[in-house]
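From the two separate chains plus the hints, produce the assembled complex.
Here the protein sequences come in this chain order: A and B.
Residues in the first sequence are numbered consecutively from 48, following our numbering.
Residues in the second sequence are numbered consecutively from 34, following our numbering.
Hints are not guaranteed to be accurate.
Said to hold, decoys possible - No farther apart than 25 angstroms at their CA atoms in a straight line, the calculated lysine-lysine pairs in the DSS-like style are these:
{"no.": "1", "chain 1": "B", "residue 1": "K642", "chain 2": "B", "residue 2": "K631"}
{"no.": "2", "chain 1": "A", "residue 1": "K166", "chain 2": "B", "residue 2": "K642"}
{"no.": "3", "chain 1": "B", "residue 1": "K648", "chain 2": "A", "residue 2": "K166"}
{"no.": "4", "chain 1": "B", "residue 1": "K143", "chain 2": "A", "residue 2": "K178"}
To be verified - A short, non-exhaustive set of chain A residues, derived as facing chain B with CB atoms under 7 angstroms:
{"no.": "5", "residue": "R82"}
{"no.": "6", "residue": "N100"}
{"no.": "7", "residue": "N131"}
Honestly, the hints are just simulated from the structure, not real lab data.
Idealized CB from N, CA, C, for every residue including glycine.
Each chain is listed here by its residues.
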Amino acid sequence: MKRRHLSLLVALALTALATSCQQKTIAAKPDPLSRAYDVESDWNDPQKQIPLNYQQAQGKRVFYTYCVWCHADSSPAGPSNRSNLTPTPPLANDGATFNPLSDEFVRNTITLGGSAMGKSAMMPPWGRTLKPDEVQAVIVFMRAIAQPSYQPPARPGPQYSVK
Amino acid sequence: MGKIPKRLRRAFAISSVLFLGVLAVSPVKDLLQEWKQSRRDYVRFAETRPDTKQLLADFHPGIDQIWIPEMNVTDRCTTCHQGIHQASLLDVSVPQPFRAHTPMPHQVEKWGCVVCHRGQGLATEVREAHETTLAWEQPLLPVRYIQASCGVCHRGTLPETPQLDVGRELLVKLNCAGCHRLEGITRPAMLGPDLTSVGSKASRAWFYKWLKEPRTITDSNGNTTVDGVENEEEPRMPQFRLNEKELRALSAYLSSLRTGPAETAKLDPRVVAALERKPDTVDQGEVRFRQMFCTTCHSVAVTRAGETKLIGGEIGPELTKVGSKVNPDWLLAWLRNPQASMPHSQMPRYGWSDEDLYKVTRYILSKLTDPDLMSDVPRLEGPAQEEIQLGQRLFLEKGCASCHFVKGVSPQADFGPNLSNLGSKTLSQLEFSKAKIPRTLIAYIQAKITDPVSVNPAARMPQYQLAPRHLEALTTALLSMTGGPSSSGLAKLVVPAPKPGFHPAGAFGEVYERYKCYVCHRFNGYGGTLAPDLSYEGSRAQRSWLVAFLKNPQTLRPTLTLRMPQFNMTDAEAATLADYLAMVTQSPAVNLGSVTSKDLTPEAARLGKQLYEVKYQCRSCHTIGSSGGYVGPNLTNVGNWMNAAWIEEWLRDPQGLVPGTIEPRRTLPEQEVTALAAYLMTLRQGGAAKPAAPGAGSAR
Chain A
48 MKRRHLSLLV ALALTALATS CQQKTIAAKP DPLSRAYDVE SDWNDPQKQI PLNYQQAQGK
108 RVFYTYCVWC HADSSPAGPS NRSNLTPTPP LANDGATFNP LSDEFVRNTI TLGGSAMGKS
168 AMMPPWGRTL KPDEVQAVIV FMRAIAQPSY QPPARPGPQY SVK
Chain B
34 MGKIPKRLRR AFAISSVLFL GVLAVSPVKD LLQEWKQSRR DYVRFAETRP DTKQLLADFH
94 PGIDQIWIPE MNVTDRCTTC HQGIHQASLL DVSVPQPFRA HTPMPHQVEK WGCVVCHRGQ
154 GLATEVREAH ETTLAWEQPL LPVRYIQASC GVCHRGTLPE TPQLDVGREL LVKLNCAGCH
214 RLEGITRPAM LGPDLTSVGS KASRAWFYKW LKEPRTITDS NGNTTVDGVE NEEEPRMPQF
274 RLNEKELRAL SAYLSSLRTG PAETAKLDPR VVAALERKPD TVDQGEVRFR QMFCTTCHSV
334 AVTRAGETKL IGGEIGPELT KVGSKVNPDW LLAWLRNPQA SMPHSQMPRY GWSDEDLYKV
394 TRYILSKLTD PDLMSDVPRL EGPAQEEIQL GQRLFLEKGC ASCHFVKGVS PQADFGPNLS
454 NLGSKTLSQL EFSKAKIPRT LIAYIQAKIT DPVSVNPAAR MPQYQLAPRH LEALTTALLS
514 MTGGPSSSGL AKLVVPAPKP GFHPAGAFGE VYERYKCYVC HRFNGYGGTL APDLSYEGSR
574 AQRSWLVAFL KNPQTLRPTL TLRMPQFNMT DAEAATLADY LAMVTQSPAV NLGSVTSKDL
634 TPEAARLGKQ LYEVKYQCRS CHTIGSSGGY VGPNLTNVGN WMNAAWIEEW LRDPQGLVPG
694 TIEPRRTLPE QEVTALAAYL MTLRQGGAAK PAAPGAGSAR
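Same shape as in the complex, but just chain B (with noise of 0.2 angstroms):
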């Protein structure tokens, strides 16, 4: 070998030191790893709590996870998140990652970190296991939204998720189904009014305004209001962003439909003629609008102390203005039988008198206006025949078709894009266009709820004004929308919506389909939640009692502003209801022949009446008279109302009998049971049971 140069020996050195320096890169870097470091802060931080030997106990260098391969979950996020089950470590003075899993229904060992969190299990650097990455799309989902990864498997409501069920309510409410197909909405029958003869209901100079700004009535001052008045509600019809060749072409067109079935509800001319010129038919009709309770379902704005609020349900639309809408005709026609226009509402078909019905037809016509409710519409000729056809086109060009029904008119199929796995979209997925929002999918759903023209310039979608907890519930139910859990092994594992339905036939459902029972109360499951579940209403009540309730509703809990109406029922209907109820709406908990008059003595009442006062203090939810608390329904006149056995059994286990009902369950001897019974069938009003009405049977 010959000599080697010198150059060439200090070249090799230096080339020599820089290669063991690029090999020592690799482990340093191995060394420096996020979660390794985490690791060493974990063992120091415990180091300076009290129960360093415990949580030392339970630790192990190397990386934790969480393998179950039947669910497909490799959760790596326990490295970090090292004290996930300390339960001394839940305090929120401990800094994350290190703080314990507040308690929760699924066990972390079980279920994993990302079934819930989303985010990515495998990753072992912080931004790739919580962001969007490159390669690791799936992002954490935020706690604020976290019910929507319970909404994947469970797919009915559950008490633990208000805000997924809020939102998943909205959904319905807002009527998403009709453009959009939704996972668990299935599309109901009627989304929109039927319009197939809305021409007769209303102007032209109406149907534009409204379409204009369906959602705001701006008052003198210039505030905008919501539905008439200032409300977090969304109303049910959304803002469509129209321009005034639009607007005047649809309302020229809805106000072309009449096409319907002439309507016609003639009132007897002599009763018309008696009260045409008395001065105070309109109040009268103000009363019998009240005494009938239709504020139940619809609101009135109403004005006191100058402070303009909205009393009244939500089941069917606003009334303060409707008397500037409606066409008089309509109105008449509607109250008579409103399934006879819409087959779908909700309304019942009350039981009017002439007398009654021309009352509160003049009370709406008169009252419930505002002479300046158009004011704000330019002049609007008679349609002429290009613009309704141009409405027409409109009319399922923009969507309208997807929720309204006109009989000859057949909508689009799928008319806004499928939302069943929204989801699991992946940012790569979205179309953020040139909206200054951070580019997340959360964003990107409330963006196209609230400025939809914001994300996609050509957007048809409606624009909805939602109060922020009403918008984070329906980003919330969107997201549990995912096309279903992500491994079979999960899937398996869905608990399904129940299906209940309650659908009786027979002189009963006659009337329970007439006047709606169901719009407000429950029946095995099936039905609103407004008024009470009356699954054992015939266990519950007296017969006699059912028959005089549903003549004259009274209220039993004072503290409602809402109360059953007053349907002018015939007493063969009352009789009807009430005998179904009493015979089929029976708790097997309940056995009416086990307590008889013989057990309920005068000892036993007077025993019972010092139970009710002084050990169980049950006056402080219960009132008796003029005295006591209203959590609980007034008890005055309990012993013509509920039968003796419901009484004992309700007293043994309320939450048996009513699952949810919020009457405390205590543990109370049998004697003690029979005496508060006892004491309780003494209470009535007016001594003993009102007779039953006259043509309703005998009570038993």
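Bound conformation, chain A alone (with noise of 0.2 angstroms):
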């Protein structure tokens, strides 16, 4: 009689030890192409797909509504007017000539216009065309399909030691 109650108190606490040890099951991992909001291909080639974000993605979208007329080599018309103009605007890929400016001076040649910041006047003024916040988007999207790859500039070190 004991021995059985000892015994079901053995095994109920094993059942309840088992339980909580229970193993999870492993969720299969996701497409990291389905965690995009939008996808660009690369310019230079085509196979590789760049993953945008949101703000990336509304980045995009500007650029090609605005932009694509004489930064890229081809536009949604057809040919591109970038051969067109004198000095060649860059394409919007050129990491070699964009990575070294910071957002700031690409921010202001873009709402301020190409002869405000000593550039060419060609490029127009967009900052009463194009909201802060689309600026922002088209700048991002820049940083993100440039080749070679942006590395955003070193964060200030920290203000005080966290020993």
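So, in structure tokens, the structure goes:
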């Protein structure tokens, strides 16, 4: 009788332990591109897809409406206006040109136009056409497709040491 | 109390220890909960960041939740996704779940997470929050399809949701509403062509081939091509899985449909006699076909340098092999008056001369052909009565009648299942059969579209071969149909789709309907987007220019391959259109009387030329003469084309006149605005304005 009680108790304890240690099933790893809001194929290598987040995708939209005419090799209407211009505007993915420029400088060039920043007057000011959010989105998009890829400037060091 | 035996004492000791152990399980389990671990990880992570102090100041232990009772939102996602508001954690290098949310129009505090991302807001375990489990059914929506959530409340198009908009357009274009009930998409008057008298249009062999494989016409190398040419567009008619017997029966039935009014379009026999023998009739027909810009709506395969490409628009059907399809009498009658045999057709009723009509039909029937088109069709005898009867039954059973109208045949109502709440279906509501696909709603929808039989062996649904991005767009649009927002608080915020309409009456309405202006042009938000928006055309263009353009349209943007067709309008029709446009389509922002010739002095024009060429470098986008860019319209003849007042207002605020135009808005002083307008008004081709066509009234 007592033995039975004991074994019952042990069995109960074991079950409780077993349930608490139950293994969680591991979910299948999703396709990385399924986590992207949109994708843009690499301009130099169309096979490669660059995932874009929401803000970058908005930049892509603005870029393909306003900027693509002069800052890409082909436009929605077919040929690019780029070859028509002197000096030739840089391609939007031209990392060698844009990576050294700060966000601030690129933002000012877009909003105030080329002539305000000592660049070609052929670059018109977009500050009254595009919203600040849209300008920022375009910059983020350009950074995302840059070749060589863009590294954000190092963050300022910690003001207070942790210890 | 008697003496307790040693054995019992030991048993008691063991059981007490065990009991304590069991009691300890619960607190340990609590301590090891996923969300608590995640929060400890966050603290550890925050300590590695340069802005630790800020990050830890915003941190507090315990469950975080966003609670918005009126929207029925209780989202505990921020318990693990701690860094969601921290701008310094936006970078991709920050590991999830701590990364900040990218800037977006809806703030997390005001909307919560589940409204857009779906999943379970209340859950405190990773798996329960993100996936379908026994008790928590709604899984997270992959970000690839997240625009579906925008569509739950935003019923119209949004610039931010291109994928959703493409998907909704595809639902319309692929005629899904023919069989399914869809949220926000109403069944149009015409889906497929009216087949009442189709037997007089094409042969039984052609029907057989088309029904067997509407999308592919296989070439001699065995390459499968879509609609005549390799192309990722899906044809409007989907592929039904029909067997030999069904193909024979349906083709027999269709070829027997000659009940419609017998259309006749007789050509003047003298014209036919004169042109019949001429060797260059067909070539002249081709020239006419090109001059009239039929290719703005219809595409034709063109082989250049060994590469075959479809050239032309998508509004009408592709025509590469149409000469082998249609009956010559039918073609003649159709070109004369398309609406007579198909009342809802979008094709304009051109003003044909007998010569042109004869030449163009000869060109279509002799050049746009393929002698091998029916080579793989078996010999089909004249249709037997029982074949016709079987075909008529199949026509209803296969759902043909859901898209195609045949006089006297009433379609089954709601032929396919109602899809207006497909997006909110849970896994337990779906039938996967034995399909080897992941058990998710998205995989189900995509399998159903691309291979319906795989999930339902008895499916009547046709099979679609869509490009991956189209399939994704279509899936997004279907996922957005959840039967409305999940709470009444949200339902109040639904942004309905605008329902514009522009149905002018009178003489203008008649011409507008005859030439189907709205298929390409937009008026007050209604109409196509292929061609310029004409809502304010009367403010923009001079009347004399409008008349000349309507009579003989020339392109203003040389890079465009699609141009306005030549309708062969009469002078009276052109005058009616120009009068109406000049009178009615005026922008309140433009006062045509505000600029007079007194303001446009030669000195101002000189200054304007300098501004145009040097200061603002307008030539980077606009062409004058032979130099300049081609982003904007060619301005060589702008002095004869536009009104000065429009140019001035355009220079002040282009987006105010044409929302979304890409002309950058600048801050120009008033003097420069006048100077530029004065300069542009001097740009006239051939000197003064062209005299208006006779009978078109006097120019203003």
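Hints, one by one, checked against the model:
Between K642/B and K631/B the CA atoms are separated by roughly 18 angstroms; this keeps the pair inside 25 angstroms, and the hint holds. Using a Cα cut-off of 25 angstroms, the hinted pair K166/A and K642/B holds, with the two alpha carbons roughly 22 angstroms apart. With a C-alpha separation of about 13 angstroms, the suggested pairing of K648/B with K166/A holds against the 25 angstroms cut-off. At most 25 angstroms may separate the alpha-carbon atoms for a hinted pair to count; K143/B and K178/A meet this at roughly 23 angstroms.
Taking 7 angstroms as the C-beta cut-off, the interface hint given for R82/A holds, the closest approach to chain B being about 5 angstroms. Checking N100/A against chain B: minimum C-beta separation of about 4 angstroms stays under 7 angstroms; hint holds. For N131/A, the interface hint holds, since its Cβ comes within 7 angstroms of a Cβ in chain B; the closest pair sits about 5 angstroms apart.
The structure is consistent with each of the numbered hints, conforming to all of them.
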